[in-house]
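Asks: Sequence lines, in order, name chains A and B.
For the first sequence, the tail end lands on 161 under this note's numbering, and the numbers increase by one without skipping.
For the second sequence, the tail end lands on 161 under this note's numbering, and the numbers increase by one without skipping.
Just so you know, not all the hints are guaranteed correct.
No copy labels: a pair is met if it fits in one copy or bridges any two.
As the list claims (entries may be wrong) - Below, computed lysine-lysine pairings styled on DSSO-like, alpha-carbon distance capped at 30 Å:
1) K108 with K121
2) K85 with K44
3) K44 with K126
4) K99 with K50
5) K85 with K54
6) K85 with K108
7) K99 with K51
8) K44 with K121
9) K51 with K126
10) K99 with K126
11) K99 with K121
12) K97 with K54
13) K99 with K44
14) K108 with K44
15) K126 with K108
Derived from the structure by calculation, the hints contain no laboratory data.
Here the structure is a predicted model, which means the values were calculated and not measured.
Number of protein chains: 2
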Amino acid sequence: MNYKSINFQKKLEKFDDLWAPKVIGEMNDYQFKVVKFAGDFVWHKHVNTDETFLVLKGKMNIEFRDGKVTIEEGEMYIVPKGVEHKPFTDSECHVMLIEPRGIVNTGDAGGELTAENDVWI
Amino acid sequence: MNYKSINFQKKLEKFDDLWAPKVIGEMNDYQFKVVKFAGDFVWHKHVNTDETFLVLKGKMNIEFRDGKVTIEEGEMYIVPKGVEHKPFTDSECHVMLIEPRGIVNTGDAGGELTAENDVWI
Numbered sequence: 041m042n043y044k045s046i047n048f049q050k051k052l053e054k055f056d057d058l059w060a061p062k063v064i065g066e067m068n069d070y071q072f073k074v075v076k077f078a079g080d081f082v083w084h085k086h087v088n089t090d091e092t093f094l095v096l097k098g099k100m101n102i103e104f105r106d107g108k109v110t111i112e113e114g115e116m117y118i119v120p121k122g123v124e125h126k127p128f129t130d131s132e133c134h135v136m137l138i139e140p141r142g143i144v145n146t147g148d149a150g151g152e153l154t155a156e157n158d159v160w161i
Numbered sequence: 041m042n043y044k045s046i047n048f049q050k051k052l053e054k055f056d057d058l059w060a061p062k063v064i065g066e067m068n069d070y071q072f073k074v075v076k077f078a079g080d081f082v083w084h085k086h087v088n089t090d091e092t093f094l095v096l097k098g099k100m101n102i103e104f105r106d107g108k109v110t111i112e113e114g115e116m117y118i119v120p121k122g123v124e125h126k127p128f129t130d131s132e133c134h135v136m137l138i139e140p141r142g143i144v145n146t147g148d149a150g151g152e153l154t155a156e157n158d159v160w161i
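So that you can see chain A by itself, here it is in the shape it has in the complex:
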C-alpha cells in the first residue's frame, strides 16, 4: 500500500484566506486543522471542549480576561474549555489547531469571522 505523511508547509501553500481552518487529518473523533492568522480575532469560548493551538510559523497571542499568552514557533498552548479567549497577532502566523470534529472557530460568539466548518485540503 502507498502510505503518505502529511506535510504542514505543503498544506499551508494551498490557501490564503485568514481565520479559516482547513482539516488535514483526523485521529478518532478529533481533527487537525491548519490556519493562517493575522490581526485580531473575536472573543469567544468553546463550552464543551479544550482547544489546542500549535504554532508552525511566526508568533501568536491569546488574550484572556485576566492576562495573555504568547505562543512562538515550536510551542503550543491548550485553552481549557469554557475559558473566554481572543487570538491576535502582530503579523501573519501559521497555526495548527487540534480539537474535536465539529468545533466552529468562533465558538459561542458567531459573527462574520465564522468560517465554514470541516473543510478538507
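Got chain A; can you put chain B on it based on the hints?
Replies: Frame of chain A; chain B shown alone:
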C-alpha cells in the same frame, strides 16, 4: 494570571532516554507527549485508538505489514487503530505523540521497551 506556552525544545532537553514518552499537556482526555526515538521499536498495535506521530526534529519511519511511511520534520502521520506498525529510525529523531490518556507505548505487544505511562515533565 500567569499563562505560559509549552516549548517543545525545552521539554526535550529534560531527558535522554529513548522510546519513553513524556507528557507535556492534556486536551480533554487526550495527551501530548514528546519522545526520542533511535533505532528499532517493536511491532505492535493499539486496538482501540488511532495514534498521531508529529516529527519535531529529524526523520522517522513506520513500517507496516504491506509498506512503510517516512515522516520528516514538519510532518505528521496518523496510524489507524488496530493497524500493526513498527517505528524505526536511522538516527535520533524527536517526535510528539498525540493519543488518548492511558495508551501504553508498546500497545498489545508488551516487552522490555514498554515505558512507564503518564510520566509528566
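Asks: Take the hints in turn and mark each one as holding or not.
Replies: Hints versus structure:
Taking the shortest Cα distances, K108 and K121 sit within 30 Å of each other inside one copy (16 Å), while across copies they are farther apart (37 Å). For a Cα distance limit of 30 Å, the shortest separation of K85 from K44 across copies, 19 Å, qualifies, whereas the shortest one inside one copy, 35 Å, does not. Only between protomers do K44 and K126 lie at most 30 Å apart by alpha-carbon distance; the minimum there is 16 Å, versus 35 Å within a single protomer. In this assembly of identical chains, the alpha carbons of K99 and K50 lie at most 30 Å apart whether taken from the same copy (19 Å) or from different copies (17 Å).
Taking CA atoms no more than 30 Å apart as the test, K85 paired with K54 passes inside one copy only; the shortest distance there is 28 Å, against 33 Å between copies. Taking the closest pair of Cα atoms, K85 and K108 come within 30 Å of each other only inside a single copy of the chain (15 Å); across copies the shortest separation is 40 Å, beyond that limit. In this assembly of identical chains, the alpha carbons of K99 and K51 lie at most 30 Å apart whether taken from the same copy (19 Å) or from different copies (19 Å). Taking identical chains as interchangeable, the C-alpha atoms of K44 and K121 lie at most 30 Å apart only when they sit on different chains, with a minimum of 17 Å there against 33 Å within one chain.
For the homomeric pair K51 and K126, the shortest alpha-carbon distances inside one copy (25 Å) and between copies (26 Å) are both at most 30 Å. In this assembly of identical chains, K99 and K126 lie within 30 Å of each other by CA distance solely inside one copy; the values are 14 Å within and 35 Å between copies. Proximity of K99 to K121 under the C-alpha cut-off of 30 Å is restricted to the intra-copy arrangement: shortest distance 23 Å within a copy versus 34 Å between copies. With identical chains, the CA atoms of K97 and K54 are at most 30 Å apart both within one copy (16 Å) and between copies (24 Å).
In the homo-oligomer, the alpha carbons of K99 and K44 lie at most 30 Å apart both inside one protomer (29 Å) and across protomers (14 Å), since each shortest distance falls under that limit. In the homo-oligomer, the alpha carbons of K108 and K44 lie at most 30 Å apart only across protomers (9 Å), although the nearest pairing inside one protomer, at 38 Å, exceeds that limit. For the identical chains of this complex, K126 and K108 are intra-copy neighbours only, at 9 Å inside a copy versus 41 Å across copies, given an alpha-carbon limit of 30 Å.
The structure is consistent with each of the numbered hints, conforming to all of them.
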